[in-house]
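Visitor: What follows is the residue order along each chain.
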Amino acid sequence: MYKLMMQGNQACAHGAIVAGCRFFAGYPITPSSEIAEELSLLLPLVGGRFIQMEDEIASMAAIIGASLTGCKVMTATSGPGFSLKQENIGYACEAEIPCVIINIQRGGPSTGSPTMTSQEDFMQSRWGTHGDHNIIVLSPSSVQETFELTITAFNLSEKFRTPVILLSDEIVGHMTEKVILPDPDEVKIYDRKKPEVSPQDYLAYQFTEDGIPPMADFGSGYRYHVTGLIHDQTGFPTNDSNEIKKIKDRWMKKMIKGEKDIILTESIHTDDMDYLIIAYGSSARCAKRVVKIAREQGKKFGLLKLTTLWPFPDQIISRLTDKVKQVIVPEMNQGQAIREVKRVVGGKIPVVGVNRYDGEAMKPEDILTVINKL
Amino acid sequence: MSFRYEIRLSGAGGQGLILIGKILAEAAAIFEDLNATQSQSYGPEARGGASRSEVIISDEDIDYPKADNVDLLLAMTQEALDKYGDETKEKSIIIYDQDLITAPKELKGRKLYSAEITKLATEQFNKTIVGNMIALGLVTSLSHILHPDSVKKAIQARVPRGTEQLNLQAFDLGYKRGEELQGL
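Here the protein sequences line up with chains C and W, keeping their order.
Letter 134 of the first sequence, counting from 1, is numbered 134 in this note's numbering, and no numbers are missing.
Just add 374 to the spot in the second sequence (first one is 1) and you have this note's numbering.
Read the hints as simulated data drawn from the structure, not as lab findings.
Keep in mind that this is a model prediction, so the values were computed, not measured.
By construction, the Cβ of each residue, glycine as well, lies at the ideal position given by its N, Cα and C atoms.
Hints may be right or wrong, so weigh each one.
Simulated restraints, written as ranges between beta carbons of each label pair [to be verified]:
(1) Ser376(W) / Lys193(C): 42 to 50 Å
(2) Lys342(C) / Ser376(W): 31 to 39 Å
(3) Lys325(C) / Ala531(W): 44 to 52 Å
To be clear about the criterion: a stretch of chain W counts as covered by chain C if any three or more of its residues have a C-beta under 8 Å from a C-beta of chain C, and this derived list gives those stretches [claimed, not checked]:
(4) 412-418
(5) 439-449
Just chain W, same shape as in the assembly (with noise of 0.2 Å):
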C-alpha cells in the first residue's frame, strides 16, 4: 500500500522553517529509500512576514508537490495556526508553539499538542534560535514517518559547520519532548 504524507511549516520569515523543511526531505530521500519534495512559499522580508515550508514524503513518485491535504501542521505564530489550523483534516497531527500562540484553536478531531518550544530554546541552550530543531524533533517523533537517526544525519549534513552539536542536542530535546507528549 503505497502513502503520502504531507507536513506544512509554518510560521514567520527568520524562525528556520524552510531549513528543517530541506532537513525532513534530505532523511527522507537521501537517508531513507523515499521519495520527497520540499517547498516553500514567503513574502519579501528576510526576517518576519509569513512563512511556509511544505515536505511531500512518499514511497511512490511525487506527481503534486505542494501539500493539499496536511496530515501534520507545525504553527510556529498565531497567524499561522489561524490561517492552516482549517486546512487540516480529521486526525491530523498539529503542532504549536504554547509560547507564541496564546489563542489556540478549537479544532474538532484533531491530534493538537502544544509544546514549550521557545521557553526550551531559551531556557536549556540561551538560544531562541534552536527553536525550529527542537520543532523538527517533535515533528520528527509525533508524525513516526523517519527514523530520527536518518534526520539526524540530515542535520549534520546541513546545519553550518561547528554548530552540528548544538542543533543535534536540540532535536533530541524536541524528540524527547514529543514521546513525553505521547506517553511513551
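This is chain C alone, in the form it adopts within the complex (with noise of 0.2 Å):
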C-alpha cells in the first residue's frame, strides 16, 4: 500500500481501474470532468479504451454495448449530463447490463449551479428512469471512501447484473485528501457470473436460485437478444402476462436476496443517544462534527450515515428510531431523503430536516441551530 494526496474526482478514476474497469465513455461536465481527464490517461495504460463521445446518451448506449463484450465499464458525469443518460440507464436496468454510473452533483435544475455543490438528485438516482426498476446507489463522504466505494460499485454491478450509481457531489468530488491505496491483491474483486453451459442450451435470461442468470460475452460463441422490451428467458420481446409477472418479480428477488452485500451504512455513538442525525455524502461529515459537539455539550446525538442510498435502508432506520426522541435529516436539497425517513419512522417520533440549498456546503452551525430547540 502506499499514500497520496488526491481529488475525490482522480480517486474515483483510480478506483475504477483497480476495480477492473477497462471501457470509459463520457462527455465533460462539471464538476465531473476530472474523473475523464484521468481515466484518458489511466486506460490506456492498462490496455483499457477511452472515448469522449458526442454526447452522455451516446455515453451511456456506448458503456451498455461494451459491457456486453464482457468488458467492465464506467461513466461519469453531473445533473444535466445525468437527466440525458436516463433512458439508457433504464434499458440497463430491463437487459439487466452490468454498468456504473458517477453523477457529481451540481445545483439543478437543468445547468443550474454548475460548479456549486448540492444532493438535489436523491430522488432522481432512484426514479430518474421510468418503469418500475431496481438500481444501486451508494455515496461517498470523502476521498478514500471514494476510491473504495468506487470498487464496490462495479463489485455490486457484476455480482447482481444491475447499474450502479455512484451519487457523489462537487465537494467530495474537487476535495483532495490524503489516500492509502491497497496493494491490488488485497482488494476483493467481483467478476460476473458466465454460463456454464454449451451456446445451444444457454438462455440468457435463464431463472436461477439466486435471480441472477449468467451473463455470456458477445464474440464469445454465444447469441443472445438483448431489448429493452420486457422479454422471456430467450430475451425475446413477450406480450404474456405471466412471464412479464414472472421478470419483474426476479428482479425485485434478486435485490431483496442481496440485500445483505447491498447495504451499507455507519453507526456512530448510536448505542447510547437521544437524538438521531441521518445523513449522507458531504453533509455526513457535517453531522459527524455536529454529534461530536453535542456530545462535548452533554447531549446524546448519535450519526446514522447512509452509505448506500438506495435501496433505503429501512430496517436499520427503523430499528435505530426505536429508541430516540427525534431524528435530524440534514441534506443539501429542499428534503428529498427526509420523504424516506419519514415513511420509514411512520409518525411514531418527530422527522426534522435542515435543508440547504444556496451552492454552499452545510455548515454545523446549520444544524446545531436545530438542535438547540430541541
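Starting from the two chains in their separate frames, assemble the complex, guided by the hints.
Guide: Rendered as C-alpha cells:
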C-alpha cells in the first residue's frame, strides 16, 4: 500500500482501474470532468479504452454495448448529463447489464449551478428512469471512500447484473485528501457469473436460484437477443402476462436476497443516544462534527451515515428510531431523503429536516441551530 | 491536545490559490505526519471571478472538511477581504496583498499583515504569476504550523516541471518577508 494526496474525482478513476474497469465513455461536465481526464491517461496504460462521445446519451449507450462484450464499464457526469442518461439507464435495468454511472452532483434543475454543490439528485438517482425498476445507489463522504465505493460499485454491478450509481457531490469530488491505496491483491474483486452450459443450451435470462442469470460475452460464441422490451428467458420480447410478472418478480427478488451485500451504513454513537442524525455524502461529514460538538455539551446525539442510499435502508432506520426522541435529516436540497425517513418512521417520532440549497456546503451551525431548539 | 487549523485562501480565479491550497495540504499530510483536507469554491470563469481555497490541517481525523472557524485568511483581492474579513475571529491572522487591496478594513483583535506581494513578484521575478508562491511563503511563515522544508517538498511535487527553482525562490522570498513582518 502507499499513500498520496488525491482529489475525489481522481480517486474515483483510480478505484475504477483497480476494480477492473477497462472501458469509459463520457462527455465532460463540471464538476465531474477530472474523472474523464484521469481515465483518459490511465486506461491506455492498462490496455483499456477511453472514448469521449458526442453527448451523454451516446456515452451511456456505448458503455452498455461494451459491457455486453464482457468488459467492466463506467461513465461519469453531473446533473444535466445524468438526466440525459436516464433512458439508457432504464435500458441497462431492463436488459440487466452491469455498468457504473458516476454523478458528481451540482445544483439544478437544468444547467443550474455548475460549480456549486448539491444533493438534489437523491430522488432522481432512484426514479430518474421510468417504470418499476431496481437500482443501487452509493454515496461517498471522503476521497478515501470514493476510491473504495467505486470498487464496491463495480462489484455490486457485476454480482447483481444491474447499473450502480455512485452519487457523489461537488465537495467530495473536488476535495483533496490523503488516500491510502491498498495492494491490488488485497482488494476483493467480483466478476460477473459466466454460463457453464454450451451456447446451444444457453438461456440469456434464465431463472436461477439467486435470480441472477449467468451472462455470456458477445463475441464468445453465445448468441442471444438483447432488448429494452420485456422479454422471456430467451431474451426475445413477450406480451405474456405471466412472463412479464415473472421477470419483474425476479428482479425484485435478486435485490432483496442481496440486501446483506448491498446495504451499507455507518453508525456513530448510536448505542447510547437520545437523538439521531441521518446524513449522507458531504453532509455526513458535517453531521459527524455536530455529533462531536453535541456530545461535548452533554447532549446524546448519534449519527447514521447512509453509504447505500438505494435500496433505502428501511430496517436499520426502523430499528434505530425505536429508541430515540427525534430524528434530524440534514441534506443539501429542499428535503428528499427526509421523505423516505418519514415513511420508515411512520409518525412514531418527529423527523426534522435541515436544508441548505444555496450551493454552499452544509455548515455545522446550520444543524446546531436546529439542535439547540430541541 | 489535539488541534485543528483552518486556512482560507481567497481572491480571484487565475491567481493560483487552489494550487497553493493543494501544496499546503500535501505538505501536511504527506511530508508531515498530519491530516489535511483541501477544498475549493470557484465560479464558472477560468480567470477572474471569486475563487476560494480552504485547507484544514489537524492531528486528528478531519470530520468537517470546510472552514468555519478561520485561523488564517489570505486575501488577494479587495472583494475577498471585504467578504471574508468579518468571518475571521479574534487573534486570526489576516494576510493581504497591499498592491491589490486599496482599502484595508478595520478588524479588531486580528493580526493584520500586509505585504507587497504583486510588487515583489514583478520586481524580483518579472512575473506576477509567482505571487501565489510568495503568498505561500508568507502563510507558511506566519502560521507556524508546517516546516518550510515540507512545503518546499510539496511545491516540487506539484508545480510544472522546469519551474521548480523559480517557484522555490518565490516561496523563499515570501517566507523571509513573513519573518521580517514578525520581527524575526
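Visitor: Indicate whether the distance between the beta carbons of Lys325(C) and Ala531(W) respects the range 44 to 52 Å.
Guide: Between Lys325(C) and Ala531(W), where Cβ atoms are some 50 Å apart, the hint holds.
Visitor: Verify the CB-CB distance for Lys342(C) and Ser376(W) against the hinted window 31 to 39 Å.
Guide: With a Cβ separation near 37 Å, Lys342(C) and Ser376(W) satisfy 31 to 39 Å, so the hint holds.
Visitor: Under a C-beta cut-off of less than 8 Å, do 3 or more residues of the stretch 439-449 of chain W approach chain C closely enough to confirm the stated coverage?
Guide: Holds, because 3 residues of the stretch 439-449 of chain W bring their Cβ atoms closer than 8 Å to Cβ atoms of chain C.
Visitor: Within 42 to 50 Å or not, the Cβ separation of Ser376(W) and Lys193(C)?
Guide: 48 Å, holds
Visitor: Please count how many residues of the stretch 412-418 of chain W have a CB within 8 Å of a CB from chain C and say whether that reaches 3.
Guide: holds (count 7)
When each numbered hint is compared with the structure, no violation occurs for any of them.
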